[in-house]
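Asks: Starting from the given sequences, assemble the full structure and let the hints guide the process.
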Amino acid sequence: MSRIALLAALIYLIVLAGVGTLNGAMVALALPLVLYLLAGLWRGPEEMHLSAERTISAERAAPGDSVFVHLTITNHGGALEQVLLHDPLPAFLTVVDGASSRLVNLPAHASISWSYTLQGKRGSHYFENIQAIAEDRLGLMGKRAALPTRGQLLVLPSISRVRHIPIQPRQTRVYSGVIPAHQGGTGIEFFGLREYQIGDSPHHINWRVSARQDNVIYSNEYEQERVADVGIVLDGRRKVNEFGGMRSIFEDSILASVAVASSLLAEGNRVGLFIYGKRNKWTSPGYGKHQRERIMQDLALAETGESQNFSSLIIPRRLFPPNSQIILISPLSGGDVSLLAQLRARGYQLLVISPDPVSFEARGLGDSPSVKLATRIARLQREVLLRELRHTGVQVVNWDVARPFEQAVRSALSRPTAFLHAIQRGVGNR
Amino acid sequence: MTRNFVYASIIASTAILTYGLAVNDFVPVSVTVALLGIAWIVLFVRGLTRFSGLAFAIFIIISLASLWADVFPVFALAGVIFALLAWDLTRFFQRLQMTNSPQDARKTERAHFMRLALVIGLSLAGYIAATRIHVTLTFGAAALLALLGIWGISALVYRLRSHE
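Residue numbers (my numbering), protein chains in the order written: chain A, 1 to 430; chain B, 1 to 164.
Be aware that a few hints might be false.
[Unchecked claim] The list that follows gives simulated cross-link-like pairs (lysine to aspartate or glutamate, DMTMM-like), each with its CA atoms no further than 25 angstroms apart:
1. A/121 - A/293
2. B/107 - A/47
3. A/289 - A/306
4. A/239 - A/388
5. A/143 - A/47
6. A/281 - A/242
7. A/143 - B/109
8. A/239 - A/225
9. A/281 - A/293
10. B/107 - A/81
11. B/107 - A/97
12. A/372 - A/400
13. A/121 - A/298
14. B/107 - A/383
15. A/278 - A/242
None of these hints come from the bench; they were simulated from the model. Note that the structure is predicted; figures quoted are calculated from it, not measured.
Replies: Shown next, in the form of structure tokens:
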């Protein structure tokens, strides 16, 4: 029942009771209610003619950055005695200073401006129309209006820097870079020997080997370093990323993706990104800062989800050139080993960066003996999983997210290159 | 501040009606009124503000009934005024919750209390005038006036609702 209807019903009741009993004092009891009703009518809100303008200090921000929002509401109509101006904030944005809602008196043809500061989590946040609710002072009559104004704020993922990701793809592109190309030529790392050819630098002559041969001079050959095609696959399956208590390891996967993509693009490689989550999103391969920007924008929008078509991880091979490097960023589940082994068998060089879900979940579960036991069992299962992967020739970085990402990558991938060559030769001979 | 005024209004309305009924030997009814007042406060504390309309209607009916019970008319009027205040301020408190600007809240509170003070002042003045002026009417004339009043209120309500 509306407030006016309730008041009217009570006034009728009092008046009828007073007349029925011929009691003037009883009729007089209706006076406060009647005057209250009249006060509502007096200077009630007129038709609203408002316009709104919203200015956002930045279109893009990092998580935790302060963004200033400036609002100006102009009244083109009559005076509004009490109007609530509410700027509905997108989810995951919070006001840290100022107010997103104002309850003000707006005189005729006047305008009001104010600012507030907000911070947000990763994602693309769309601002909606500003809501205006005008009422009389006693709240009996109300009028609503949506003031059309739009805005968008893209909160990009946090950036973690990694200097170098030592990858070993079987095939590289023609442009020079920093990835060993398994071909002799100019470079830094010793690759082999060949007979001296005219034009070779005297510095490259291997005098020790040449001295053992008659009339033949040998030159050192160095391994060419080139750029490569790298496909980053981000696993956004809900079942492997989300845990009890609304805790998710997905943000750490995003952080790793940003770090890996930034590092590889900075070294001149051609990088593509495939996000397998709520929506499968493919960022076609590209070079340089422009590609980094595209990847950052897609990562800003990445969300976990369950694909209705596939329950297990899918890596579409057509998206990645044969023999290229694939970097999978996933907490992994037991059923993923066979898929990764298949990819490996088809010639892809695989690096799995796996944020450790066991340590992550254990930290949120307390320290009871049952938790310790469960953690131990889960850790053993994960060790078996990672060992199976390593046996198929997949490089694995098991990242405890409590440690800095760069530290985890450096300690896991800084093995002697000879060891990696040996793995490659072993796989190649199969 | 508004929250405290809501408590004060409920307590005042309950206390006045309870006292008025108790001194006229309607002790069980006065205890019921006291319990209803406590229930209204509990509902407000728990944020169940949608029941404030019901509580307001009950307290108006109790005020009306207290006149039959020969309670001093000023007590009944005070019961109505404080119940009206509690009901109004509950709604106003909800509205204040919608803004996160304390400065606006203070300004709006001041303007709202001024408007309420005006309504209550006029009500008291009108009531005093009504009790001083004695006009003897036949039942027909009273019924006609009542019908006129009801028509006036209906027209007013119709106008208010058509503006919404």
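Asks: So which hints don't hold here, by number, going up?
Replies: 3, 8, 14
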